[in-house]
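A.B. asks: Sequence:
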Amino acid sequence: MTVAPHTLELGYSPCPNDTFIFYALQAGLVPAPAPVHEVLAGVQTLNEWAAAGRLPLTKISYRAAFEVLDHYALLRAGGALGRGAGPLVVARRPLEDLSGLRVASPGRLTTAELLLRLAWPQAVPVPVPFREVMAAVERGEYGGQPLDAGLIIHESRFTYPQHGLVAVRDMGSWWEQETGLPLPLGAILVRRDLPADVQRAAEQAIRDSVAYAWAHQAEALAYVRQHAGEDDETVVRGHIDLYVNEYSLDLGDTGERAVQELYRRGVEAGALRAGASALFLP
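Numbering of the sequence shown is given in our numbering, commencing with residue 3 and proceeding in unit increments.
Derived by calculation from the structure, the hints in this document are not laboratory data.
This structure is a prediction, so every number in the text was calculated from the model and none was measured.
Any given hint might turn out to be false.
Claimed, not checked - Cβ pair distances, simulated, as ranges:
id, residue 1, residue 2, range
1, H73, A29, 26 to 34 Å
2, A217, A276, 36 to 44 Å
3, D99, G30, 47 to 55 Å
4, E263, P284, 17 to 25 Å
By construction, the Cβ of each residue, glycine as well, lies at the ideal position given by its N, Cα and C atoms.
All chains, full assembly: derive it from the sequences and hints.
C.D. replies: Here you go:
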């Protein structure tokens, strides 16, 4: 007989899609294998914590998830896949080719930088905290070094024109043209050392949390607004509508194929190491 943990820490970002998805779960409104304690942090911090195996449940980028498969398994609910929902490359002026150019990146372990490496292997990623990317590109420098363009994610997709920037390429559209598949962005992971029944129950609890948020949107949005970095209601709703979809409820065959294809291409390009562990929770 396995024993469930007394509490389950769940790490996710304060971005509207995450807080919308996990509202019901952290509030105890859906059945779970143990009370869930929220741990809010930025995507780069969550990626780093996952590398150390700190949290039993965590939302991180798919790029980072591929690095920690030895001690985490991917869940099929709660993540972010989408069409027309990828990172944007922005610049002060139109650009056609980023080869050899310096591009602000929200982090080495982000899906955004992996896509940059797949599309433009000769581009030069420059790490910049994601909330500072637009301002850095607007200035044309970061840390005293020049910048030619930047990768933006989250709410920045909706606000970059306010910084006088233009879209160079939607990396989600590029991925879809290349593969015909939705773009994997954010993954939900469960630590492999948890009892098998706890892992499965956690996946179902996340699925139930998504369904609850859809059924009680006004209630979920009140929680979202507590943590959103953007006050504009239209931006917040646009963010949720873009990143919370049928793949958040369940990846299905198409979603799983998209994740496997991103992994395969990353390994083929030398951006990821090939691992022996299965990607998904059995």
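A.B. asks: Hint by hint, note whether the structure agrees.
C.D. replies: Structure-based check of all given hints:
1. H73 - A29: 26 to 34 Å: holds (28 Å)
2. A217 - A276: 36 to 44 Å: holds (41 Å)
3. D99 - G30: 47 to 55 Å: holds (51 Å)
4. E263 - P284: 17 to 25 Å: holds (21 Å)
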